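These protein sequence lines are chains U and S, in that order. Each residue of the first sequence is one higher than the last, beginning at 1 in full-length UniProt numbering. Each residue of the second sequence is one higher than the last, beginning at 1 in full-length UniProt numbering.
Rather than coming from a laboratory, the hints here were simulated on the basis of the structure. Being a predicted model, the structure only gives us computed values, none of them experimental. Hints should not be assumed to be uniformly reliable.
Computed list of lysine-lysine pairs in DSBU-like fashion (alpha-carbon distance at most 35 Å, straight line) [to be verified]: (1) Lys160/U to Lys254/U; (2) Lys203/S to Lys254/U; (3) Lys277/U to Lys259/S; (4) Lys277/U to Lys245/U; (5) Lys277/U to Lys52/U; (6) Lys259/S to Lys245/U; (7) Lys160/U to Lys203/S.
Label pairs and their in silico Cβ distance ranges [what the hints assert, rightly or not]: (8) Ser168/U to Met205/S: 56 to 62 Å; (9) Leu176/S to Asp124/U: 32 to 38 Å; (10) Gly125/U to Glu242/S: 40 to 46 Å; (11) Asp111/U to Ala31/S: 31 to 37 Å; (12) Thr164/U to Ser218/S: 44 to 50 Å; (13) Glu231/S to Gln317/U: 36 to 42 Å; (14) Glu23/S to Asp14/U: 40 to 46 Å; (15) Ile19/S to Asp111/U: 28 to 34 Å; (16) Ile197/S to Gln317/U: 41 to 47 Å.
Cβ coordinates follow ideal geometry from the N, Cα and C atoms, glycine included.
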Amino acid sequence: MTDVLAITDHRRGDLRDVSYEIVTAGRQLADETGGDLHLAVISGTVDDFAEKVNREGVDAIHTVDYGEEFNHDVYTQAITQLYDDLAPQYVLAPNSVNGLDYAPAVANQLDLPIVTDTIDLETDGETLIATREMYGGKVETTNELEGPAVATIRSTEWPKAEGTGDASIEAFDADIDEGAIGSTVNGFEEVAGGDVDISEADVLVSVGRGIEEEDNLPIIEELADALDATVSSSRPIVDNGWLPKNRQVGQSGKVVTPDVYIAIGISGAVQHVAGMKGSDTIVAINTDPNAPIMDIADFAIVDDLFDVVPALTEEFQ
Amino acid sequence: MKILVTVKEVATVEDEFEIQGTEIADQYLGADLNEWDDYAIEEAVQLQEEGIADEVVTVTIGPEDCEQTIRQALAKGADRAVRVWDDALEGVDLLDVNAKTEILSAVVEEEDPDLVLTGVQAGDDSFAATGVSVAENLGFQWGAVVNHLEHGFDDDVAAVRRELEGGVEELTDIELPAVLTIQTGINEPRYASLRGIRQAQQKPMNVQSLGDIGVDESAVDSELELTDMYEPESESDVTVWEGSAEETASELGDLLRDKGVAP
Chain U
1 MTDVLAITDH RRGDLRDVSY EIVTAGRQLA DETGGDLHLA VISGTVDDFA
51 EKVNREGVDA IHTVDYGEEF NHDVYTQAIT QLYDDLAPQY VLAPNSVNGL
101 DYAPAVANQL DLPIVTDTID LETDGETLIA TREMYGGKVE TTNELEGPAV
151 ATIRSTEWPK AEGTGDASIE AFDADIDEGA IGSTVNGFEE VAGGDVDISE
201 ADVLVSVGRG IEEEDNLPII EELADALDAT VSSSRPIVDN GWLPKNRQVG
251 QSGKVVTPDV YIAIGISGAV QHVAGMKGSD TIVAINTDPN APIMDIADFA
301 IVDDLFDVVP ALTEEFQ
Chain S
1 MKILVTVKEV ATVEDEFEIQ GTEIADQYLG ADLNEWDDYA IEEAVQLQEE
51 GIADEVVTVT IGPEDCEQTI RQALAKGADR AVRVWDDALE GVDLLDVNAK
101 TEILSAVVEE EDPDLVLTGV QAGDDSFAAT GVSVAENLGF QWGAVVNHLE
151 HGFDDDVAAV RRELEGGVEE LTDIELPAVL TIQTGINEPR YASLRGIRQA
201 QQKPMNVQSL GDIGVDESAV DSELELTDMY EPESESDVTV WEGSAEETAS
251 ELGDLLRDKG VAP
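The following block holds chain S by itself, in its conformation from the complex (with noise of 0.2 Å):
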């Protein structure tokens, strides 16, 4: 079985930043794996060493300086990466799940995987969508929000537990070839040995324009505008306390028994 995870490199942002325009302010920015995607990479590198799968594949969309963090899933135990980036991109502000839908949708054709997992959501836009949007655009079948993957995939069906809200999980069987979603929580995603780290320097990234994979640069004009960017108005009217800790403390407990629930 041949494995294909989205990675996607995500901007961290400060506890305290600023806005420029639709943006946020480059100095208050940091960059990570994407903590959804961490699972999707863990599970799939699972399912390798189990000898389920044989090959396991990331794709990203990026620039170059991204490849740092897809050398992260490298040396986590995936085997080689495509990155896919075009000067067509560089200049978008949000790239809308159609557009990565044409694009991912051209490099899981040219993959073929049997299986495609990516995070739930990306930590920084947030979308949540474009996992089943792959999975509909290429004829997949798929299941969004999965929390856990049974490894037999008996007759070709991955049985998988979905996470609804309220403490309650969906038991589904879906058909392979099928894209998942994971959710955090579905295994705990191991650090990078210092030997992982190594050899995942070594490990083939395919650089791809658009053109390379066959998506018309037209695809990439989002659909979506973003048009402003604030910080959301605060509606709390909190009490804070000020002072050392015990201070503060203090006052909390005064609180707790004016409330009658402490003693």
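Chain U extracted, bound-state conformation (with noise of 0.2 Å):
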């Protein structure tokens, strides 16, 4: 039997899309053999999240309540002891920023294989088949590791799981070490506000790392005037500090939802597609008729950058 241990995700009082994600996850690998499905729910509210999470399939949620938000220490201790009470197979979390800041620790101290950013698990009860992705998404790869491992699953790749539970939850008591705890988080800030918010745009002229040199962000800006749209980005053009933040599409900036989204020169990793994946019609013009963009595109345009956009706002001056 495949028991699994999947972690759930929260901040600022609210429980992470993830966090019902990972129950599919975990139900199906579980189900694979007949095991159970076990969660923890670490910090914060634990009760409220609990419920919250107590979705059909789930077997037992496990409280952890210490600390109003996540503490990579906190998460580390109690993980591996739950481990430790539970020996389940597998344990799965989040392939979040927190996630991927505990869970290769949670491996290292139980000497369990991790594989991380995972799209597709499967396992016979000894066996985990992994499937995931390398060199950005151009390749996917299977692998296996035999007996308990860690791994980490990409949001939005399992559904939600939805329709409630009878699972027992009950609180555990993790004895948790303050004194191995060496980090403190003194808060958070919001970093992508400012004049412009591109999640109200009708229409996003954006654009990534195929424009190549800041001197050519004019040629975007003139399209979005022609169009009356907003201009965006991919992360490249904003590590570059050719854009502000506000204007980041993506995991780590903001989500999108405009009636055209039109992809310049973005090849389309899945940090950005998760935030634009909800346009109404995506259109990508890229050179690269491979690229991952093209995978989510309703229309593209497979030809350089450079002719096609100046000629474009031809049309509409």
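With the hints as a guide, bring the two chains together.
Structure follows, in structure tokens:
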């Protein structure tokens, strides 16, 4: 039997969506051999969170009432103790920023192998077959691990669990060693604010690495002007300081859902796609016909943006 | 303060490529300094220029071929490099997190730095786990996905910002010694100057075998076996407009007018 311990994710009083997705992933794994799905809810308003994730397929929820917000030392200690107590075959964590801040530590402490950013998981009870991407999504790989393991799951790859469950909810009395807590979270800051809210725009003209240089940005701005659209971007443009953070679309930027999203010179890394796939119509302009953006685009122009963008601007001027 | 920066040479893949078994065929592969590590190097070099770091050392797991990439880090200002390689590593398809942790931990123990900077992830295998794993293994503190580091280090504490999802940053204090995994955008990595490139040739590169750093060969037996590699199935039902730039732009123009979002 393959018991699974899955860890939920929350921030500032709210469970994050991946907490429901990990229920689906965990249930699927446990089902393959008839095992139990245990959830851990650590820190914050644990009883409230436990009630919310008590969805169909969850067998047991273990709450660790310690501290308000995420602290990786608390998580690491609580999860390793839960592991010792429950002896699950697999520990599942979200491949979120916080998941990546404790899952490798849990694996190391428990002397287990870890596989991160998985998009599919299968098991026969002994071998875990994990599917994940390499080379920025250009290839998918399958990877086999024998025996117990830690895996992190990519968000939005599994549907959110629905329905109401009848899991047992029990407080887990974790013995948290305060002396071993070496980091302190002092607060949070929203950094994507500012005068322009790209999440409100009907049309986004979004620019990526393909623009090559900051000096080339005016052709994008001219197109946006001609269309009365708003300029947004993928991460590298903001990293380079060519546009402010409030223009960044993606996992660490903003989630946008415009009527039309024109992705110009954007390859479509998963972190970017997470922020724009809800757009009504997606148009990609890219020289690479195999770029991941093509998988979610409705329309595409496989051509040099430096030829297409000025031609399009001219149409509307 | 002494800073150790992990530097990886990553494989890059051309737009068009072929897969042979569980590898991409050699002729479609290039090599480059891992993008995230470039930011980690820059952060370390800035700390050195501000007089906070006394020494910046790089550590790389890789064969002789990757020395050119290591020299890039040296040309940008790192003082010296450690490169670990061993016959036992030659045929390994995919070095897993635990194997990397064993090797890098041995070097960190030997070098005894106050701060270890790693890239958040490697652009090729994308595990994004090694830095935290090394920290835990050594009893260091850590912070994952750091996109700002205060350079004061008051009371031997690193005051950092961690980039969470959705445009939110977490403000965290981390006691030294610590491992920080560095996110892109934390700074603006420099290009190596010609002078830097010349100087890099003279900087020490210490090549170590597993035996030299006291790691047993069995540590590199990956617990994770790569069993298949393939191009992801496209679920795309994209309509590709063909023709000259004017023609395709005109198609897109029509679409935008049809949608009522363009004049």
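Now the hints, each set against the structure:
{"no.": "1", "hint": "Lys160/U to Lys254/U", "verdict": "21 Å, holds"}
{"no.": "2", "hint": "Lys203/S to Lys254/U", "verdict": "44 Å, violated"}
{"no.": "3", "hint": "Lys277/U to Lys259/S", "verdict": "18 Å, holds"}
{"no.": "4", "hint": "Lys277/U to Lys245/U", "verdict": "19 Å, holds"}
{"no.": "5", "hint": "Lys277/U to Lys52/U", "verdict": "26 Å, holds"}
{"no.": "6", "hint": "Lys259/S to Lys245/U", "verdict": "29 Å, holds"}
{"no.": "7", "hint": "Lys160/U to Lys203/S", "verdict": "53 Å, violated"}
{"no.": "8", "hint": "Ser168/U to Met205/S: 56 to 62 Å", "verdict": "58 Å, holds"}
{"no.": "9", "hint": "Leu176/S to Asp124/U: 32 to 38 Å", "verdict": "45 Å, violated"}
{"no.": "10", "hint": "Gly125/U to Glu242/S: 40 to 46 Å", "verdict": "51 Å, violated"}
{"no.": "11", "hint": "Asp111/U to Ala31/S: 31 to 37 Å", "verdict": "33 Å, holds"}
{"no.": "12", "hint": "Thr164/U to Ser218/S: 44 to 50 Å", "verdict": "49 Å, holds"}
{"no.": "13", "hint": "Glu231/S to Gln317/U: 36 to 42 Å", "verdict": "40 Å, holds"}
{"no.": "14", "hint": "Glu23/S to Asp14/U: 40 to 46 Å", "verdict": "43 Å, holds"}
{"no.": "15", "hint": "Ile19/S to Asp111/U: 28 to 34 Å", "verdict": "33 Å, holds"}
{"no.": "16", "hint": "Ile197/S to Gln317/U: 41 to 47 Å", "verdict": "46 Å, holds"}
Hint compliance for this structure: hints 2, 7, 9, 10 are not met, and every other hint is.
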